[in-house]
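Chains A and B, in that order, give the protein sequences. Using this note's numbering, read the first sequence as starting at 1 and increasing by one per residue. Using this note's numbering, read the second sequence as starting at 1 and increasing by one per residue.
Just so you know, not all the hints are guaranteed correct.
[Claimed, not checked] Derived EDC-like pairs (lysine to aspartate or glutamate); straight-line CA-CA distance at most 20 Å: (1) B:K312 - A:E221; (2) A:K451 - B:D295; (3) A:K148 - A:E220; (4) B:K278 - A:D264; (5) A:K451 - B:D16; (6) B:K312 - A:D418; (7) A:K578 - A:D612; (8) A:K260 - B:D286; (9) B:K152 - B:D268; (10) A:K260 - B:E277; (11) B:K39 - B:D16; (12) A:K260 - B:D309; (13) B:K42 - B:E17; (14) B:K259 - B:D233; (15) A:K578 - A:D351; (16) A:K451 - B:E17; (17) B:K191 - B:D305; (18) A:K451 - B:E9; (19) B:K278 - A:E215; (20) A:K148 - A:E183; (21) A:K586 - A:E505; (22) B:K195 - B:E230; (23) B:K312 - A:D351; (24) A:K451 - B:E10; (25) A:K451 - B:E14; (26) B:K312 - A:D404; (27) A:K260 - B:D305; (28) B:K312 - A:E171; (29) A:K260 - B:E283; (30) B:K312 - A:E215; (31) B:K162 - B:E253; (32) B:K312 - A:E550; (33) B:K312 - A:E174; (34) B:K312 - A:E195; (35) B:K312 - A:D35.
[To be verified] A partial selection of chain A residues facing chain B, derived with a Cβ cut-off under 8 Å: (36) R105; (37) F236; (38) F403; (39) P448; (40) G449.
If you're looking for bench data, these hints aren't it; they were derived computationally from the structure. Ideal placement from N, C-alpha and C gives every residue a C-beta, glycine not left out.
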Amino acid sequence: MTDDELIWRIAGGSGDGIASTSQNFAKALMRSGLDVFTHRHYPSRIRGGHTYTEVRAAPDGVTSRGDGYDFLLALGDSFARNPQEEAYYGTEEIKPLSENLDDLREGGVIVYDSGLIDADEVPNFDQRVEENDWHVFPLDLRGLAREKGREVMRNTAGVGATCAIADIPVEAIEELMTDAMPEKILEPNLEILNEAYDAVLEDYDLSGVEVSCPEGEHEEEQVLVNGSEGIAYGAFDEGCRFIAGYPMTPWTEVFTIMSKVLPDVGGISEQVEDEIAAASLAIGAAHTGVKAMSGSSGGGFALMSEPLGLAEMSETPIVLLEAARAGPSTGMPTKPEQADLEHVLYTSQGDSNRVVFAPADPAEAYDHARRAFQIAYEYQIPTIILYDQKLSGEYRNVPASHFDREPNPDIGQTLTEDQIAEAPHEPGGKFQRFRHEPEDGVSPRSVPGQKGGRFLASGNEHNEAGHISEDPDNRVAQVDRRSRKLESIREELNEDGLNVNYGPEDADYGVLAFGSMVGTVEEAVDRLNDDGESVKALAVGELAPFPEGEVREFIESVDRVMVVEMNASAQFRGLTQKQLGEYGPKLSSLLKYNGNPFEPGEIVEGFHNTVDGEETTDHQTTFVPAAGD
Amino acid sequence: MSAFSAIGEEREIEQDEYTPGIEPQPTWCPGCGDFGVLKALKGALPEAGRTPDETLTVTGIGCSGKLNSYFNSYGFHTIHGRALPVARAAKLANPGLEVIAAGGDGDGYGIGGNHFMHTARENHDFTYIVFNNEIFGLTKGQTSPTSPKGHKSKTQPHGSAKEPIRPLSMALNAGASFVARTAAVNPNQAKELIKEAIEHDGFAHIDFLTQCPTWNKDAKQYVPYIDVNENDDYEFDPTNRDEAAAMMRETEESLHEGKVLTGKYYVDEGRPSYQQEKQNIGEMPDEPLAERYFDDDYDWERSADMFIDDHK
């Protein structure tokens with residue numbers, strides 16, 4: 001138990017409003033001046049099933065879920081009951097309580113809805129409470145909600161109880177509810193909130209409870225944003241006004257945001273028959289000069305393989321998203337994994353020409369989305385943002401000023417009609433859209449409807465005007481020019497700082513990570529250094545073209561490196577070795593693929609494993625030693 | 001002022017403007033029906049008043065996919081079966097373009113069948129020409145979705161056990177608002193039907209019978225053909241859905257009995273195009289989206305102004 005943070009977990013049935021309640025709670029704490037981080041866990045079902053969201057709050061910097069948590073609000077699963085038979089599906093209804101006990105820290109708090117959950121049905125409950133010194137508050141939240149309003153408002157009652165126990169000013173929640181709720185339901189909710197708050201203070205002696213919410217202060221105004229929102233807003237500010245997609249968890253979140261906002265600004269959103277069509281529509285729109293995107297998750301992205309290759313070959317600028325989830329095949333649709341890395345890098349036939357970004361948090365999601373559009377349109381190349389279910393729904397506070405930037409609708413080297421008139425044409429009259437000679441690899445384009453700009457775009461290898469050509473000299477010239485684009489992009493990205501160094505520069509050991517695991521690695525690095533170890537991390541945000549210089553420098557600067565990733569086949573370590581051509585004996589791997597993201601403590605333990613050769617006691621992670629160890 | 005001065009330009013258009021200045025050697029075999037499509041299209045576009053620079057031909061893969069290699073307009077030679085989704089987005093992004101999609105029977109009715117169904121259902125405002133030679137030509141003569149039952153090929157050595165696709169009926173049922181069949185051997189009818197298809201506001205599907213003299217020697221050259229709109233033996237009203245459906249069914253069945261029926265089978269001028277439908281619900285911009293990126297005066301919206309307050 002620490003004084004300087006609160007990790008609050010709200011658990012209940014999927015469909016019980018856990019997500020919105022936790023979001024409001026996180027926002028209230030953010031407004032009070034704390035840094036916040038949310039971690040959600042949910043099944044692939046519409047209603048029912050065990051779901052929870054954690055809100056972690058601390059005064060300065062939260063970049064990860066914690067190890068365990070200290071406050072459980074167990075609401076009961078209202079969808080677990082079979083209304084026809086008055087029966088329970090096993091012990092579903094008590095799961096919000098029973099399933100969350102393993103991670104609850106010693107001295108932690110349990111508030112559970114005694115109106116829905118019978119603690120006697122939880123095996124060894126009393127014994128575990130005593131052993132762990134938990135403080136238990138059985139409250140009839142449902143009864144209170146029914147009495148003052150409607151049953152669904154029991155979430156509010158739970159939040160009221162939380163405020164009383166964790167010493168959170170109830171006004172913070174009141175203010176937020178006033179902003180967020182329609183008037184009709186606001187009054188009863190406020191009443192229920194206060195009633196629960198007062199009831200706890202009246203009925204319980206809280207002097208023994210050590211769990212409390214810290215206080216903090218921000219230097220500037222903050223906003224609560226998740227990864228999907230970050231990506232969508234980044235795309236929006238780059239002038240993306242066309243999206244095509246097919247629903248698939250978790251990519252749907254970005255698709256939903258864009259579909260809501262685009263029509264209001266004269267943009268176009270298309271929900272289409274499949275992901276092949278979705279990516280093809282993005283290509284069709286981009287071909288006419290519009291800034292366009294599409295995306296999917298693992299299986300849907302697999303369907304985009306062939307259009308992705310078409311975008312590469314026809315040099316059509318599009319941005320694709322890949323919101324990875326646990327695979328193979330349908331895998332675990334609502335669980336995060338980083339096992340689509342190789343899929344995204346290599347799918348589609350032929351030598352690939354693509355750029356892949358991997359943001360680590362919601363602020364980076366915004367930055368990378370903007371960069372992805374800039375690179376795509378500047379270099380006429382498909383760019384992909386690889387993220388995952390974790391980052392997709394993970395909320396963090398970000399300074400509001402982070403988003404206060406100028407829009408950029410620029411579509412790259414696209415000629416005007418006057419410029420086309422001056423530009424080289426083939427003797428037959430067609431505009432030479434694919435010239436061999438540009439140094440940076442980028443041959444300016446025209447778009448349909450422009451006078452004098454006719455050319456053929458093709459998935460076939462083609463000559464300078466776009467006509468199908470299998471001439472060897474032309475082939476080599478075109479392949480080389482397309483490759484030069486990647487070299488130019490690498491040079492441009494070297495100035496960007498999208499790969500982030502963390503920890504003491506002169507550290508002895510290194511941790512390498514990409515994407516959504518970065519925040520957790522950072523916390524582990526902090527803890528290790530606090531414990532007297534000497535560790536730093538490199539978060540790689542650009543996966544292709546690979547930042548060879550930066551990664552090599554990092555690996556060279558330390559004695560050993562542990563590569564942390566959420567998959568079973570150590571894909572990121574493999575990529576690093578392939579790109580750098582060495583370091584097999586220097587790189588170990590810490591892997592996790594059980595459907596849950598790493599906790600910082602697991603990385604700390606993995607580090608001791610790689611450095612001290614300690615046996616791991618955690619069977620949810622897998623340690624793979626460096627070659628020769 | 002438009003960034004696309006070719007769009008909507010009013011002038012006399014010569015048929016040979018659609019012939020490339022240096023004509024590439026076609027990869028089509030002598031006697032191939034694909035030449036008929038090329039000729040009909042070159043004839044129809046000037047009559048419909050559309051210029052090469054405002055025309056975008058989007059093709060799939062196969063002999064048919066080479067159409068825009070021999071045709072002087074903006075072109076996009078896409079991948080197998082995917083011409084329609086590329087064409088749809090181009091038309092939505094810049095509705096002023098004259099978009100012509102084309103592909104073969106394998107491309108459109110086989111691998112791209114899902115897109116065909118949904119494009120017809122949504123009634124996108126462009127013309128789709130399917131080169132139907134009842135065979136896979138470019139890959140050297142395999143049985144295709146329109147090959148007749150019993151058709152023998154190297155991939156179906158015992159003869160196909162499958163009934164062929166019924167392309168006209170499929171288009172009608174999926175929602176196409178203009179459905180026609182023509183044949184390469186009938187260039188005047190082909191040109192007229194393509195012109196009508198171009199002028200139609202909605203998805204216009206033309207099943208274009210193109211004989212393959214190399215790989216489908218057994219098949220008829222689609223002669224003699226009968227124009228069901230002209231021939232007195234056939235009486236039906238193409239604006240009547242039930243009568244159109246019956247005529248289509250007879251046409252599809254008689255093809256393999258040696259009777260080649262062609263003509264305009266169905267037209268529904270009343271059904272709004274997809275673009276109009278989207279405009280009706282406020283999901284389509286009034287001005288072409290493609291113009292905005294060339295408009296230096298456009299005041300681009302920012303997330304900071306539109307969304308960020310909700311996150312405070």
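Each hint, compared with the structure:
1. At most 20 Å may separate the alpha-carbon atoms for a hinted pair to count; K312 (chain B) and E221 (chain A) meet this at roughly 8 Å.
2. As the CA atoms of K451 (chain A) and D295 (chain B) are separated by approximately 17 Å, the hinted pair is consistent with the 20 Å bound.
3. Taken as a hint, the K148 (chain A) and E220 (chain A) pair is broken in the structure, with Cα atoms around 38 Å apart against an allowance of 20 Å.
4. Note on K278 (chain B) and D264 (chain A): the hinted pairing holds, with a Cα-Cα distance of about 13 Å set against a maximum of 20 Å.
5. Of the pairs offered as hints, the one joining K451 (chain A) and D16 (chain B) holds, with about 17 Å between alpha carbons and a cut-off of 20 Å not exceeded.
6. Between the alpha carbons of K312 (chain B) and D418 (chain A) the distance comes to roughly 47 Å, so the proposed pair goes past 20 Å and is violated.
7. At roughly 27 Å between alpha-carbon atoms, K578 (chain A) and D612 (chain A) are farther apart than 20 Å, so this suggested pair is violated.
8. Between K260 (chain A) and D286 (chain B) the alpha-carbon distance is near 18 Å, which keeps this suggested pair within the 20 Å criterion.
9. In summary, the hint linking K152 (chain B) to D268 (chain B) is not supported, as the alpha carbons are separated by about 38 Å, beyond the 20 Å threshold.
10. This hinted pair checks out: K260 (chain A) and E277 (chain B) have alpha carbons roughly 18 Å apart, not beyond 20 Å.
11. Of the supplied pair hints, the one linking K39 (chain B) and D16 (chain B) holds, its CA atoms being roughly 10 Å apart against a limit of 20 Å.
12. Restraint check for K260 (chain A) and D309 (chain B): satisfied, since their Cα atoms lie roughly 16 Å apart, inside the 20 Å limit.
13. A hinted pair counts as satisfied when its Cα atoms are at most 20 Å apart, and K42 (chain B) with E17 (chain B) qualifies at roughly 9 Å.
14. Taking the CA atoms of K259 (chain B) and D233 (chain B), the gap is near 13 Å; set against the 20 Å cutoff, the hint holds.
15. Restraint check for K578 (chain A) and D351 (chain A): satisfied, since their Cα atoms lie roughly 16 Å apart, inside the 20 Å limit.
16. For a cut-off of 20 Å, the pair hint linking K451 (chain A) to E17 (chain B) stands: about 13 Å separates their Cα positions.
17. Taking the CA atoms of K191 (chain B) and D305 (chain B), the gap is near 53 Å; set against the 20 Å cutoff, the hint is violated.
18. Only pairs whose Cα atoms come within 20 Å are accepted, and K451 (chain A) paired with E9 (chain B) is accepted, the gap being roughly 10 Å.
19. The hinted pair formed by K278 (chain B) and E215 (chain A) fails the criterion: a straight-line CA distance of about 50 Å is larger than 20 Å.
20. For the given pair, K148 (chain A) sits about 15 Å from E183 (chain A) by alpha-carbon distance, which is consistent with the 20 Å threshold.
21. Restraint check: the Cα-Cα separation between K586 (chain A) and E505 (chain A) comes to about 19 Å, which is no more than 20 Å; the hinted pair holds.
22. Restraint check: the Cα-Cα separation between K195 (chain B) and E230 (chain B) comes to about 18 Å, which is no more than 20 Å; the hinted pair holds.
23. Annotation: proposed proximity of K312 (chain B) to D351 (chain A) is violated, straight-line Cα distance about 45 Å (limit 20 Å).
24. Our distance criterion of 20 Å between C-alpha atoms is met by K451 (chain A) and E10 (chain B), whose separation comes to about 13 Å.
25. Simply put, K451 (chain A) and E14 (chain B) have alpha-carbon atoms about 16 Å apart, close enough for the 20 Å limit, and the pair holds.
26. A C-alpha spacing of about 13 Å is found between K312 (chain B) and D404 (chain A), which places the hinted pair at or below 20 Å, so the restraint holds.
27. Taking the CA atoms of K260 (chain A) and D305 (chain B), the gap is about 16 Å. The hint holds against a cut of 20 Å.
28. Only pairs whose Cα atoms come within 20 Å are accepted, and K312 (chain B) paired with E171 (chain A) is accepted, the gap being roughly 16 Å.
29. Of the pairs offered as hints, the one joining K260 (chain A) and E283 (chain B) holds, with about 10 Å between alpha carbons and a cut-off of 20 Å not exceeded.
30. At roughly 18 Å between alpha-carbon atoms, K312 (chain B) and E215 (chain A) fall within 20 Å of each other, so this suggested pair holds.
31. Proposed proximity of K162 (chain B) and E253 (chain B) is supported: the alpha carbons are some 14 Å apart, at most 20 Å.
32. Using a Cα cut-off of 20 Å, the hinted pair K312 (chain B) and E550 (chain A) is violated, with the two alpha carbons roughly 36 Å apart.
33. Using a Cα cut-off of 20 Å, the hinted pair K312 (chain B) and E174 (chain A) holds, with the two alpha carbons roughly 15 Å apart.
34. For the hint linking K312 (chain B) to E195 (chain A), the alpha-carbon distance of about 27 Å lies beyond 20 Å, and the restraint is violated.
35. With a C-alpha separation of about 13 Å, the suggested pairing of K312 (chain B) with D35 (chain A) holds against the 20 Å cut-off.
36. For the restraint placing R105 (chain A) at the interface with chain B, the shortest Cβ-Cβ distance is roughly 30 Å, beyond the 8 Å limit, so the hint is violated.
37. Restraint check, F236 (chain A) versus chain B: the minimum CB separation of about 5 Å is within 8 Å; hint holds.
38. Below 8 Å, beta-carbon pairs count as interface contacts, and F403 (chain A) has one with chain B at about 5 Å; its hint therefore holds.
39. Interface hint at P448 (chain A): satisfied, since its Cβ lies 4 Å from the closest Cβ of chain B, which is below the 8 Å cut-off.
40. For G449 (chain A), the interface hint holds, since its Cβ comes within 8 Å of a Cβ in chain B; the closest pair sits about 3 Å apart.
Hint violations for this structure: numbers 3, 6, 7, 9, 17, 19, 23, 32, 34, 36, all remaining hints satisfied.
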